[in-house]
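Sequence lines, in order, name chains Y and F.
For the first sequence, my numbering begins at 12 and goes up steadily by one.
For the second sequence, my numbering begins at 150 and goes up steadily by one.
What the hints contain is simulated information worked out from the structure, not anything from laboratory work.
A quick note: this is a predicted structure, and the numbers were derived from the prediction, not measured.
Please note: incorrect hints may appear among the correct ones.
Facing chain F, from chain Y, some residues (calculated, C-beta under 8 angstroms) [said to hold, decoys possible]:
#	residue
1	Pro66
2	Cys69
3	Lys94
4	Thr96
5	Pro99
6	Arg371
Don't be surprised by glycine CBs; every beta carbon is placed ideally from N, CA and C.
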Amino acid sequence: MSKLLYSLPPLSPDYSGVASVFHDIEALTIIHDASGCTGTYTGYDEPRWFGSQSPVFCSGLREMDAIMGDDEKLYTKIETALKSTHAPCVAIIGSPVPMVIGFDFAGFASLVETRTGCSCLSFPTTGLAYYDVGQKSAYLALAKKFLDPSKAEPLKNTVNILGASVLDGFDEKYLNSIIAFLHKEHLNVGAVWGMRSPLTTLRTTPNAAVNWVVTAAALPLARYLYQTFGTPFVAGLPLGEHETTRILNYLKSACAGHHPPEKMQFAPPPKLESASHGKPSTAKTLIIGEGLHSASLRARLEQDNECEPVRVGSFFTEAQSFLTEHDVMFQSEQEAYETLADPTLEIVIGDPLFRDLIPRQSKILLIDLPHRAISGRLYM
Amino acid sequence: MNTPCIRLNVTEALTDELPIGDLALSPERVLGKPAMNSTLHFCSPAHGGWGVIRVACLLPETHLLFVCPEACGRHGAIAAVEQGYRHKITYLCVDEHEIVLGGYSEEIARAVDDLMIRVTPSPKAILLFLPCIDDLLAGDHSAIMAALEQKHRVPIRLTRMNPIMTDNKMTPMLQVQKALYEFLPPASSAPKNKNIIALGAFSPPQADSELASLIRFLGFDHLCHPEFCKDFESFTALSKSAAALLLRPEGVAAAQFLNDERNIPSLYAPIAYDQKTLLARYQEIIDFLTPLSDAGTSAPIKAHDYFALAVQKTTEALHKTSILLKGMSVAVDQTVTASPFSLALALVQGGVNVNRIYANYLPTHEEYAFRALSAQKKDLIVANPNHHKKFGARPVSPLSQVAIGFEAAYATAAPITVPLAFDEKRYGFEGFQMILDAVCQAIAQNQHSTLYQNLREQIKEYGLVV
Numbered sequence: 012m013s014k015l016l017y018s019l020p021p022l023s024p025d026y027s028g029v030a031s032v033f034h035d036i037e038a039l040t041i042i043h044d045a046s047g048c049t050g051t052y053t054g055y056d057e058p059r060w061f062g063s064q065s066p067v068f069c070s071g072l073r074e075m076d077a078i079m080g081d082d083e084k085l086y087t088k089i090e091t092a093l094k095s096t097h098a099p100c101v102a103i104i105g106s107p108v109p110m111v112i113g114f115d116f117a118g119f120a121s122l123v124e125t126r127t128g129c130s131c132l133s134f135p136t137t138g139l140a141y142y143d144v145g146q147k148s149a150y151l152a153l154a155k156k157f158l159d160p161s162k163a164e165p166l167k168n169t170v171n172i173l174g175a176s177v178l179d180g181f182d183e184k185y186l187n188s189i190i191a192f193l194h195k196e197h198l199n200v201g202a203v204w205g206m207r208s209p210l211t212t213l214r215t216t217p218n219a220a221v222n223w224v225v226t227a228a229a230l231p232l233a234r235y236l237y238q239t240f241g242t243p244f245v246a247g248l249p250l251g252e253h254e255t256t257r258i259l260n261y262l263k264s265a266c267a268g269h270h271p272p273e274k275m276q277f278a279p280p281p282k283l284e285s286a287s288h289g290k291p292s293t294a295k296t297l298i299i300g301e302g303l304h305s306a307s308l309r310a311r312l313e314q315d316n317e318c319e320p321v322r323v324g325s326f327f328t329e330a331q332s333f334l335t336e337h338d339v340m341f342q343s344e345q346e347a348y349e350t351l352a353d354p355t356l357e358i359v360i361g362d363p364l365f366r367d368l369i370p371r372q373s374k375i376l377l378i379d380l381p382h383r384a385i386s387g388r389l390y391m
Numbered sequence: 150m151n152t153p154c155i156r157l158n159v160t161e162a163l164t165d166e167l168p169i170g171d172l173a174l175s176p177e178r179v180l181g182k183p184a185m186n187s188t189l190h191f192c193s194p195a196h197g198g199w200g201v202i203r204v205a206c207l208l209p210e211t212h213l214l215f216v217c218p219e220a221c222g223r224h225g226a227i228a229a230v231e232q233g234y235r236h237k238i239t240y241l242c243v244d245e246h247e248i249v250l251g252g253y254s255e256e257i258a259r260a261v262d263d264l265m266i267r268v269t270p271s272p273k274a275i276l277l278f279l280p281c282i283d284d285l286l287a288g289d290h291s292a293i294m295a296a297l298e299q300k301h302r303v304p305i306r307l308t309r310m311n312p313i314m315t316d317n318k319m320t321p322m323l324q325v326q327k328a329l330y331e332f333l334p335p336a337s338s339a340p341k342n343k344n345i346i347a348l349g350a351f352s353p354p355q356a357d358s359e360l361a362s363l364i365r366f367l368g369f370d371h372l373c374h375p376e377f378c379k380d381f382e383s384f385t386a387l388s389k390s391a392a393a394l395l396l397r398p399e400g401v402a403a404a405q406f407l408n409d410e411r412n413i414p415s416l417y418a419p420i421a422y423d424q425k426t427l428l429a430r431y432q433e434i435i436d437f438l439t440p441l442s443d444a445g446t447s448a449p450i451k452a453h454d455y456f457a458l459a460v461q462k463t464t465e466a467l468h469k470t471s472i473l474l475k476g477m478s479v480a481v482d483q484t485v486t487a488s489p490f491s492l493a494l495a496l497v498q499g500g501v502n503v504n505r506i507y508a509n510y511l512p513t514h515e516e517y518a519f520r521a522l523s524a525q526k527k528d529l530i531v532a533n534p535n536h537h538k539k540f541g542a543r544p545v546s547p548l549s550q551v552a553i554g555f556e557a558a559y560a561t562a563a564p565i566t567v568p569l570a571f572d573e574k575r576y577g578f579e580g581f582q583m584i585l586d587a588v589c590q591a592i593a594q595n596q597h598s599t600l601y602q603n604l605r606e607q608i609k610e611y612g613l614v615v
């Protein structure tokens with residue numbers, strides 16, 4: 012069903028999520044559109060674009076190409092660009108127009124791969140889903156395409172970081188602090204999924220002793236790696252003493268060759284769960300953001316700071332794995348507006364743009380937590 | 150004896166850049182549709198413009214309803230927050246079922262009903278935006294628009310943000326400028342006033358500008374533009390305007406509409422910078438407006454005489470700028486002006502070392518300047534900033550020392566950027582002097598963008614919209 016946006020911008024779309032995963036792989040990345048979709052990604056969703064060496068392009072789709080289905084024209088452009096970019100692989104990413112004309116992404120990728128000999132992945136993204144859905148499919152597609160179980164050489168003390176997404180606030184500094192955190196504990200870093208690692212490094216993923224999931228969109232990748240290679244995983248961010256200890260203990264235990272208990276994989280259940288005995292309940296504090304980050308932040312507030320129960324809300328599908336029945340998945344701006352009109356709510360932690368959703372007479376304190384997938388380049 | 154036939158491979162002949170001397174016989178090797186259609190498009194961090202939404206938001210007391218798959222609205226919405234007009238837009242984000250089943254016309258009705266309640270003060274007009282997919286789905290929303298107009302008693306017009314039509318006659322920017330003027334009521338038998346509409350300009354020359362002064366000299370009152378209208382009513386009063394001057398090509402369809410449907414004649418007088426073209430433009434304006442004026446001038450006005458002082462001042466400013474530049478290389482681009490070749494020609498004729506022009510097409514009004522440059526500055530490089538070879542191409546050693554325009558600044562890594570864009574407020578000799586002043590100011594400030602940071606901030610501050 013359609014929805015209206017009066018205050019928020021449309022949120023970061025699936026094709027931005029896919030493209031962001033491929034950015035540091037330096038794949039020949041083509042968003043199959045006229046220009047606006049590529050511009051949304053490069054101009055608003057991708058902080059690495061200024062000065063970037065990554066070959067990301069718009070296909071330059073035009074009306075007659077769409078009507079006549081002139082795929083050969085697109086193929087020729089890709090073949091020509093491959094000669095000058097020397098990219099290790101090709102990623103073709105969809106947008107609304109290819110959706111409407113029924114562009115055969117899988118078939119076209121197969122054609123490119125066969126004719127050029129260069130690995131090609133395709134993503135029938137539509138601009139109707141959000142970035143996290145795109146990221147999830149990109150992570151899984153890369154893993155299925157390039158990770159070879161027969162070549163795994165397990166290395167103790169090596170940790171992969173899964174989901175270091177620029178759309179969720181990761182940048183060089185943030186990632187360096189996460190890596191420094193591991194080094195301090197004498198743990199090595201293998202592949203980083205989401206940024207920095209080239210394809211050659213991503214291929215070493217099966218060698219790690221453990222995977223550390225740092226955003227919700229990478230959780231399906233972690234599950235896939237567990238099922239395929241048996242690599243255990245932990246999810247969360249080291250926010251506060253309890254979460255830091257949980258994550259570290261899990262990583263160290265896995266690196267030592269043990270099987271840490273499953274309950275350590277995720278942040279502990281929120282207070283609301285135990286307090287309300289399964290019945291819906293409210294909380295005075297609401298965090299709206301990326302699912303995994305919000306869950307770890309809640310754990311910090313509830314356990315380290317001994318706060319009242321904290322609720323989490325999110326617009327993004329993949330957050331559901333980190334939400335409980337007491338939390339809220341917003342299907343529209345209107346639902347968020349109604350939630351923020353709750354008179355018992357006192358504190359909201361979220362993107363500054365949510366300020367516009369808070370009723371004027373409300374005394375809610377909004378603590379700014381900018382989220383690029385919501386406000387793009389506005390606060391970054 | 151037969152002459153050997155050399156066949157040029159068309160695709161290989163198309164390329165990203167060439168010296169203008171080599172390009173003279175076939176500009177399409179770098180500029181225009183064939184060149185653009187032969188390559189994947191690089192979208193540099195300096196790519197963008199005013200955007201159709203920002204243009205539409207110039208209309209006072211008007212609300213925009215943007216109907217689209219959610220993703221299509223993101224860049225425009227964030228730019229709207231940056232520039233302070235987000236409250237003027239509602240996004241109706243349609244889902245897959247509505248797209249496939251074609252049911253979003255009904256959703257438009259629901260959205261208009263909703264926004265007419267929620268938006269305060271109530272809008273005086275609604276502009277409906279539709280995306281690329283509507284062209285392919287062949288949506289016809291005329292019936293629902295008529296019903297909504299009757300129900301809410303506000304005019305509703307339709308325009309499109311459909312870059313898929315960029316190669317067609319009605320590009321998104323042409324459509325939106327036309328749509329604005331479709332709000333003007335049909336011409337009545339009432340006498341015209343003495344105002345002149347500045348068409349095509351994103352931000353027009355101001356009331357005290359050289360162009361506005363000329364208009365007054367010719368017996369007219371004001372230079373009008375949506376930017377100058379304080380409310381919707383004063384905008385609709387533009388229907389009584391005596392004539393329109395088309396200052397940038399983006400207003401061509403609007404001019405045609407005003408001429409055909411609102412009885413407002415117009416003259417295509419695109420901005421220029423080189424002296425010969427400028428004087429010719431002004432003479433055309435004088436010749437066009439004089440018969441429409443009842444001022445009754447005693448003798449025909451010659452642009453050459455009227456602008457003698459302006460020519461002298463411009464020549465002096467150019468000389469001063471040329472000395473200040475000390476032979477430094479200068480790049481210009483198509484974001485700073487609709488006439489980059491004319492600007493380059495004017496600079497070259499003043500002794501400035503223009504070494505690069507970034508453009509992706511050659512409009513008809515630029516052909517004279519292109520030819521003149523190809524004769525006078527054969528080694529000047531014409532580069533297409535969107536060609537795939539331009540990816541990641543920010544050079545370590547700058548290709549130019551001064552860049553006029555953001556696209557040229559990014560592509561050349563010039564240490565000095567002149568942060569001007571889209572002929573805002575510029576026209577005529579005065580417009581050229583504004584550019585020269587900005588060049589001198591930038592040199593004085595010596596804005597080093599080699600660390601990328603300055604340019605990045607300048608781009609963000611300007612708010613380029615893709």
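Here is what the structure says about each hint:
A cut of 8 angstroms between beta carbons decides the hint on proline 66(Y): the least distance to chain F is about 5 angstroms, and the hint holds. At its closest, the beta carbon of cysteine 69(Y) sits 4 angstroms from a beta carbon of chain F; the interface hint therefore holds under the 8 angstroms criterion. With a least beta-carbon distance of about 10 angstroms to chain F, the hint placing lysine 94(Y) at the interface is violated under the 8 angstroms criterion. Satisfaction of the interface hint for threonine 96(Y) is found here, the shortest Cβ-Cβ separation to chain F being roughly 7 angstroms, below the 8 angstroms cut-off.
A hinted interface residue such as proline 99(Y) counts as satisfied when its beta carbon comes closer than 8 angstroms to some beta carbon of chain F; here the least separation is about 15 angstroms, so the hint is violated. The closest approach between the C-beta of arginine 371(Y) and any C-beta of chain F is roughly 12 angstroms, which is over the 8 angstroms cut-off, so the hint fails.
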